[in-house]
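My request is simple: use the sequences and hints to build the entire structure.
Numbering (numbering that gives the first Met the number 0), first residue to last: 0 to 238.
Hints were generated in silico from the structure; no laboratory data involved.
It cannot be assumed that every hint is accurate.
With beta-carbon atoms standing in for the labels, derived distance ranges [unchecked claim]:
hint : residue 1 : residue 2 : range
1    : GLY103    : SER39     : 33 to 39 Å
2    : PRO48     : ASP8      : 17 to 23 Å
3    : ALA79     : SER39     : 21 to 27 Å
Keep in mind it's a predicted model, so treat the numbers as computed, not measured.
C-beta atoms are modelled at their ideal positions from N, C-alpha and C, and glycine is treated no differently.
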Amino acid sequence: MADDNALVDRAAAVRAGIGWWGRNANVLLPGRGSWFVLGSVVTDAPLPPSVPLDDGCGTCRQCLDGCPTGAILERGVIDARRCLAWLVQAPGPIPREFREALGGRLYGCDECQEVCPVGRSDRNTEGSTDPSADVDIAEVLDASDEELLDRFGRWYIAERDPRFLRRNALVALGNTGQGSDPGVEGRLSRWLADRDPLLRVHAVWAAGRLGRHDLLVGVDASEPEVAEELAAARGRVGL
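The following block contains the structure:
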């Protein structure tokens, strides 16, 4: 078994009559939706031709309407620049206009699969037994680089750099934390003072989102991106 992009497994699956192209650009199987893993076998053995399945989506638009950022532009067309699953893995800052849509997510987004009715009845609702599936935002912000890579190293992390997990966690903290919580205040203060401007940018956003503009006093704004984020945070409340 190898994870390789040389083969377009989804296209092969559609030609093989296993499933059809869904509006969310995933291959959908009757009764299972997109909750499966595809694999391909390369062979020169003679095989009988398969009959492709008919489109099972019909007029359904639940994935288009359910996408938090409107990343599904039309049937099968995804703007990855708006897709949360891409944004949390991409290097650099998360665009400000998509941060609230991230909610409490640290990694990934399955909304277009969650709302799809094709496989809803077959879903296993017991939850994952993988300990890394349940992540505490505070633990991510408190952990060392080594601890983060030890726990989450099998995830795709941009440049294998834990700073991007912390970036995501700061956005999630801004969306889900309580500004009056001493623990939240302490973590905001810590990352507002960090040397990394990427983390300062997202800490500024989180502090502003939680109404803790008092914590922004004295933040190092020598980098233009931090200065711009501070101006945006203060502008939202007319400071």
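Now the hints, each set against the structure:
1. GLY103 x SER39: 33 to 39 Å: 35 Å, holds
2. PRO48 x ASP8: 17 to 23 Å: Taking Cβ atoms as reference, PRO48 and ASP8 lie about 19 Å apart, which means the hint holds.
3. ALA79 x SER39: 21 to 27 Å: 23 Å, holds
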